[in-house]
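Colleague: Each chain, written out:
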Amino acid sequence: MLVAANCASIGAFLVLRQMAMMSDAISHSVLLGIVIAVFTVGGRETVPVIVGGVLAGILTVSLVELLYRTGKLKQDSSIGIVFPFLFAIGVILVTQAGNVHIDAQHVLYGSIEFVPFDTLYLDEINIGSKSLWVLGSLAIANISFIAILYKELKISTFDASLAVSVGLMPVLIHYLLMIMVATTAVVAFESVGAILVIAFFIVPAAGAYLLTDKLSKMILLSVSFGIISAVSGYLFAILVDVSIAGSMATMAGAVFGLIWVFAPNRGLISRWRRISKQRFDLDVVILLTHMQDEFKLHRKIDSSSIANDLGWTIEYSNKVCDFALNKKFVEMGDQGDLNLTNSGQEKIHHYTA
Amino acid sequence: MMELKSGQKDLTKTSPIEIKNLSVTYRTEPALWNIDLNFPEGKMIAIVGPNGAGKSTLIKAIMGLVPITAGKVSVYGKPYSSQRRKVAYVPQRGSVDWDFPTDALDVVEMGLYGRLGWLRRPNSQTRDKARECLAKVGLEEYTDRQIGQLSGGQQQRVFVARALAQDPQIYLMDEPLNGVDAITEETILSILEDLRKEGNTIVMVHHDLQTVDKYFDWVVMLNRNLVGSGPIKEVFTKDNLDKTYREKQRVSLG
Chain A
143 MLVAANCASI GAFLVLRQMA MMSDAISHSV LLGIVIAVFT VGGRETVPVI
193 VGGVLAGILT VSLVELLYRT GKLKQDSSIG IVFPFLFAIG VILVTQAGNV
243 HIDAQHVLYG SIEFVPFDTL YLDEINIGSK SLWVLGSLAI ANISFIAILY
293 KELKISTFDA SLAVSVGLMP VLIHYLLMIM VATTAVVAFE SVGAILVIAF
343 FIVPAAGAYL LTDKLSKMIL LSVSFGIISA VSGYLFAILV DVSIAGSMAT
393 MAGAVFGLIW VFAPNRGLIS RWRRISKQRF DLDVVILLTH MQDEFKLHRK
443 IDSSSIANDL GWTIEYSNKV CDFALNKKFV EMGDQGDLNL TNSGQEKIHH
493 YTA
Chain B
2 MMELKSGQKD LTKTSPIEIK NLSVTYRTEP ALWNIDLNFP EGKMIAIVGP
52 NGAGKSTLIK AIMGLVPITA GKVSVYGKPY SSQRRKVAYV PQRGSVDWDF
102 PTDALDVVEM GLYGRLGWLR RPNSQTRDKA RECLAKVGLE EYTDRQIGQL
152 SGGQQQRVFV ARALAQDPQI YLMDEPLNGV DAITEETILS ILEDLRKEGN
202 TIVMVHHDLQ TVDKYFDWVV MLNRNLVGSG PIKEVFTKDN LDKTYREKQR
252 VSLG
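In order, the protein sequence lines correspond to chains A and B. Start counting the first sequence at 143; every next residue gets the next number (the numbering used here). Start counting the second sequence at 2; every next residue gets the next number (the numbering used here).
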């Protein structure tokens, strides 16, 4: 849950900066940093692991940008080159690590199930799950990062050139954000693993993006979706006895799917409705224009002649005519013939003007 | 030594923007070549030239948004970095993501972020100022409209309002009249005319050659090299137009 909230909060900025793949890259290549840190200190101490991960994360971002700027490569290709390379080195090192407690399975899929058993002792008093403490502090760090630098993050995400011209250094903000991504990825790594971290970074934020026009609301919604996915995923996993991390990520996908379909304004259904409404509106104007042309030739028209002339089915023609009658764009003559009204004329004018 | 005495008076009269030997290259491709240029104060200045002539690059180079290969730019006699508050930039409309979750008022308020500096938060004062500037461009009814739902002309006016909020002495604008409706063009020009009367300097990349002599009193003609710079009557000549627009053809043919 804390992982989800952590990832989702900064995820909002990743989505807006179109950096989804960059966060995927970082969350993979932190492995290299983690492994090297584990080798160096000989254990999984939190601080060195985070430092190693962050360094690897920064290395990833810098290498990607180096390739992107100096070669002819696009950003996605640069990412595709850099992170598998770093991740692969990490994997090689992991398989060499006979004496260190870290293995490939653990790395890829995480092991959230065992996290609570890794308890922390302060003066031999059990003060609770270690990862709870780590994640809690990270949550505070992430929240204060966003709260303190909200204005700077916003301006450099929306319009970096403005940020540069007024001296607010978007490059610095960019690297700070990447450091937070790497730190979060390292911490989330233990629980959900390299592959699923991205689901928590991007999916809740993308869902929130479809629901709101305000950045602050987007961040709050994103965090809520992250938490909802985590809780429901956890319950689901317990219920049917499957991987917790896996079902959390699946839930995140499901929540996004629901939003994508049902969101007001930007959802599939409302968009589909809007388009079909516009189509229908257009057909009404086509009908009115057709009537106008026919009147110039002094022909009488009714629903069936319209269907014939416009290539519509008689049912559809009736439907459009009924709508036009209802809206008083046309009126019915004595012999069942249709005539254009003034408001019908206006409607045509409004469309063609 | 005699120079020094009159120099004091001249200090207030330093050119808003002075460009010396400016060259900008993208990789090995020159975008601007050895430009020497002084912008006069209190004028409406058009930058014209064909596509790829370096018009946008010139104003970006002034603000250090693109790396300068050679040369020097000064704003009121000092480097841009110490004069940021005197300059506002209106980028091309296509340069930002209009789907960004924010409203018109918020975008205008961003113009004040530079003045606020690091870590200081926007407050009711900056809100009021932003609202005021939005009203100046005739968009007071659109304050909470998500920016993607504004028309192209309205979006451009939001950018102009943002520049107004910065309260600068120099406005650097990249094609603010490109693809806007008649109302927007009129609104923007009348605002700029008022600003000019107050002694501000307006530099605008402009694409419509028909309206250059109508709207501007100074023109910079650019074709990677500087073809000419000065009052419209002296510089905006057929001869110079031919040079500006034909040279480019020769380059692309060669």
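You may find that some hints are simply not true.
Residues of chain B placed beyond 10 Å of chain A at every Cβ, according to the derived structure [said to hold, decoys possible]: (1) SER16; (2) GLU42; (3) GLY78; (4) ASP98; (5) PRO102; (6) GLY112; (7) PRO123; (8) GLN147; (9) ASN179; (10) GLY180; (11) ARG197; (12) ASP218; (13) TYR246.
Below, simulated DSBU-like cross-link-like pairs (lysine-lysine); rule was C-alpha separation at most 35 Å, straight line [said to hold, decoys possible]: (14) B/LYS137 - A/LYS489; (15) A/LYS216 - A/LYS359; (16) B/LYS137 - B/LYS79; (17) B/LYS244 - A/LYS214; (18) A/LYS214 - B/LYS198; (19) A/LYS356 - B/LYS79; (20) B/LYS130 - A/LYS359; (21) B/LYS215 - B/LYS244; (22) B/LYS87 - A/LYS356; (23) B/LYS198 - A/LYS216; (24) B/LYS130 - A/LYS214; (25) B/LYS137 - B/LYS198; (26) A/LYS356 - B/LYS73.
Source of the hints: derived by calculation from the structure; they are not laboratory data. All C-beta atoms in this analysis are idealised placements derived from N, C-alpha and C, irrespective of residue type, glycine included.
Colleague: So which of the earlier hints does this model not fit?
Modeller: 4, 5, 6, 7, 8, 18, 19, 23, 24 and 26
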